[in-house]
Amino acid sequence: MEFYFGLAQIIGIHVILGLSAYVLMLTGQLSLAQAGFFAIGAYSAGILTVLFQFHIVPALIIASLVAGLFAFLIGFPALRVRGLMLVVATIAFSEVVRLFFFNLSWRKTIDGIEAGPDSTNGFREIRFFAANGWEPYQVTLFVWLFVALVMFLIWWSDRARSGAVLRAVGEDELAAHSVGINITAVKVAAMTAGGMIAGIGGALYAHTATYVDHLTFTILLGTFAIAYPILGGLRSVFGTLLAVVLIQGVLVEGLRALGDWRNILFGVIIILTMNLKPGGLFDTQTVQALRKGLAFRDKGAPNA
Amino acid sequence: MLRVENLVTAYGKIKALRGVTLEAREGEVTCLLGPNGAGKTTTMFSIAGILRPTSGDITLDGESLRGLGAARVVGKGVALVPENRLVFPQMTVSDNLHAGAFSRRDDRKRQRDMEKIYQRFPVLRERSRQPAGTLSGGEQQMLAIARALMARPRILLMDEPSIGLAPIIVAEIFRIIAEINREGVSILLVEQNARMALKFAHRLYLIQQGEITFSGTPDELGQDEVIQRSYLGG
Chain D
1 MEFYFGLAQI
11 IGIHVILGLS
21 AYVLMLTGQL
31 SLAQAGFFAI
41 GAYSAGILTV
51 LFQFHIVPAL
61 IIASLVAGLF
71 AFLIGFPALR
81 VRGLMLVVAT
91 IAFSEVVRLF
101 FFNLSWRKTI
111 DGIEAGPDST
121 NGFREIRFFA
131 ANGWEPYQVT
141 LFVWLFVALV
151 MFLIWWSDRA
161 RSGAVLRAVG
171 EDELAAHSVG
181 INITAVKVAA
191 MTAGGMIAGI
201 GGALYAHTAT
211 YVDHLTFTIL
221 LGTFAIAYPI
231 LGGLRSVFGT
241 LLAVVLIQGV
251 LVEGLRALGD
261 WRNILFGVII
271 ILTMNLKPGG
281 LFDTQTVQAL
291 RKGLAFRDKG
301 APNA
Chain B
1 MLRVENLVTA
11 YGKIKALRGV
21 TLEAREGEVT
31 CLLGPNGAGK
41 TTTMFSIAGI
51 LRPTSGDITL
61 DGESLRGLGA
71 ARVVGKGVAL
81 VPENRLVFPQ
91 MTVSDNLHAG
101 AFSRRDDRKR
111 QRDMEKIYQR
121 FPVLRERSRQ
131 PAGTLSGGEQ
141 QMLAIARALM
151 ARPRILLMDE
161 PSIGLAPIIV
171 AEIFRIIAEI
181 NREGVSILLV
191 EQNARMALKF
201 AHRLYLIQQG
211 EITFSGTPDE
221 LGQDEVIQRS
231 YLGG
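Same order as they appear, the protein sequences are chains D and B. Read left to right, the first sequence gives residues 1 to 304 (this note's numbering). Read left to right, the second sequence gives residues 1 to 234 (this note's numbering).
A portion of the hints provided could be inaccurate.
As the list claims (entries may be wrong) - Going by beta-carbon spacing under 8 Å, a handful of chain B positions derived as facing chain D: (1) G67; (2) A70; (3) G75; (4) P82; (5) A99; (6) F102; (7) Y118.
These are computed hints drawn from the structure, not numbers from a lab. Fair warning: this is a prediction, and the values are worked out from it, not measured in the lab. We treat Cβ as the ideally placed atom computed from N, Cα and C, and that holds for glycine.
Take the sequences, apply the hints, and build the full model.
So, in structure tokens, the structure goes:
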């Protein structure tokens with residue numbers, strides 16, 4: 001059972017990570033900075049609960065705001081470039097963040113034990129959940145509470161004007177400009193929101209894993225962040241959820257017997273999706289097929 | 001109503017506009033005519049707030065629009081229909097129209113305006129749930145115009161509405177432009193299609209290499225021999 005709770009937590013955290021990239025991808029921007037924001041969230045929240053003995057909730061909120069602040073600050077220079085150059089710029093950012101934590105040493109003695117980020121040795125001792133007697137199911141619920149919150153907020157704003165504005169910028173910047181959308185403001189807002197979301201994900205990650213080091217936050221993590229929305233499609237937040245379940249649940253855990261061969265499968269799935277279903281697995285076609293299927297069942301039910 | 005005075009706009013060091021002065025009068029169709037690369041689109045982008053001019057001024061009824069940025073320029077009543085009918089291809093026709101009203105907050109009036117638009121463009125009503133990318137070229141141009149109208153503009157900036165369209169569709173688009181104009185919306189039109197421009201415009205400007213080289217009525221332009229030869233093939 002423990003194992004499944006752990007898996008559910010990982011899936012939840014990766015959904016949050018994927019959605020942080022999803023928001024930005026709605027505006028047509030591909031960012032690999034999500035790993036950096038995730039790292040900032042992880043370390044900030046860990047430092048707050050361990051060194052300053054904060055409760056997890058305020059620590060999580062502050063971590064999210066810190067990551068959001070960095071996203072806002074790098075949003076202006078980063079979004080002056082686009083496409084491949086933005087990818088390069090955001091990779092550079094993530095690496096700067098990673099190397100900062102690689103060097104960061106901030107040790108304090110808390111309750112007789114020395115704790116805090118210890119540069120290359122990583123940041124151990126992030127034991128808020130265990131220290132406060134949280135059961136695995138409680139931790140899992142806590143993680144999914146935030147997953148639900150983030151998914152709901154994005155889903156809800158997508159139905160309102162703000163979602164349409166993001167998508168308008170993503171579809172055609174010049175057209176968006178000519179209907180009077182402030183492109184820079186929209187992009188920076190999306191970057192900031194993405195940073196805040198990734199910060200929440202990082203904060204949750206640090207506390208479920210109880211241990212982080214710089215190697216957690218490499219380019220691979222940033223690649224996963226954008227792979228989920230690419231695989232799931234940008235039609236709906238449920239696409240990202242589906243993609244994470246598929247990759248983390250089925251591919252990484254379900255096929256564990258295959259060992260490192262799974263990585264090849266991961267690449268193959270991405271390539272196949274881009275060629276066969278460029279709109280993602282959860283695109284308009286899929287949704288229509290699902291709707292039809294449901295409608296058919298509804299009609300069939302009274303007779304059965 | 002809309003005055004552009006001594007406008008200079010540069011891309012880096014290259015000046016695309018070298019002191020453009022023109023005026024679009026209330027209730028009229030004003031046409032800016034000129035060859036490729038003369039600065040027509042740059043003029044439109046500068047007025048719409050998409051590009052920032054280096055010097056000069058743009059005023060709407062005496063109030064400066066320069067440096068306001070696209071969002072606020074639309075709010076002042078200046079809407080642009082960009083070249084090549086840039087619609088949002090994956091959004092539905094109806095969402096495209098809503099996008100045109102992003103700068104407005106009066107939701108109830110917006111519904112009424114949608115209804116008016118659908119009356120003017122029945123084909124858009126038929127296709128309202130369809131992604132805009134699936135429309136024909138002419139329909140997309142109508143959608144781009146309709147989207148700009150959703151901002152309730154006092155003056156409509158139209159960048160080459162005839163480009164890439166079949167002659168019969170071009171005639172239809174110009175009929176619509178004339179109709180919109182008769183209902184009180186002033187129009188500043190950029191064209192390469194001189195014949196159409198001469199037929200519909202009240203006032204013409206000729207732009208060459210970033211400078212206005214002629215201004216006058218269509219009759220006056222028609223009499224100018226050089227222009228006759230280079231633009232009308234006569």
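Hints, one by one, checked against the model:
Checking G67(B) against chain D by beta carbon gives a least distance of about 13 Å; that is not within 8 Å, so the hint is violated. Evaluation of the A70(B) hint against chain D yields a held restraint, the C-beta minimum of about 5 Å falling below 8 Å. Taking 8 Å as the C-beta contact cut-off toward chain D, the hint placing G75(B) at the interface holds, the least distance being around 7 Å. About 5 Å separates the beta-carbon of P82(B) from the nearest beta-carbon of chain D, less than 8 Å, and the hint is met.
Hint status for A99(B) relative to chain D: holds, with the closest Cβ pair at about 5 Å, below 8 Å. For F102(B), the interface hint holds, since its Cβ comes within 8 Å of a Cβ in chain D; the closest pair sits about 6 Å apart. For Y118(B), the interface hint is violated, the least distance from its beta-carbon to any beta-carbon of chain D being 18 Å, above 8 Å.
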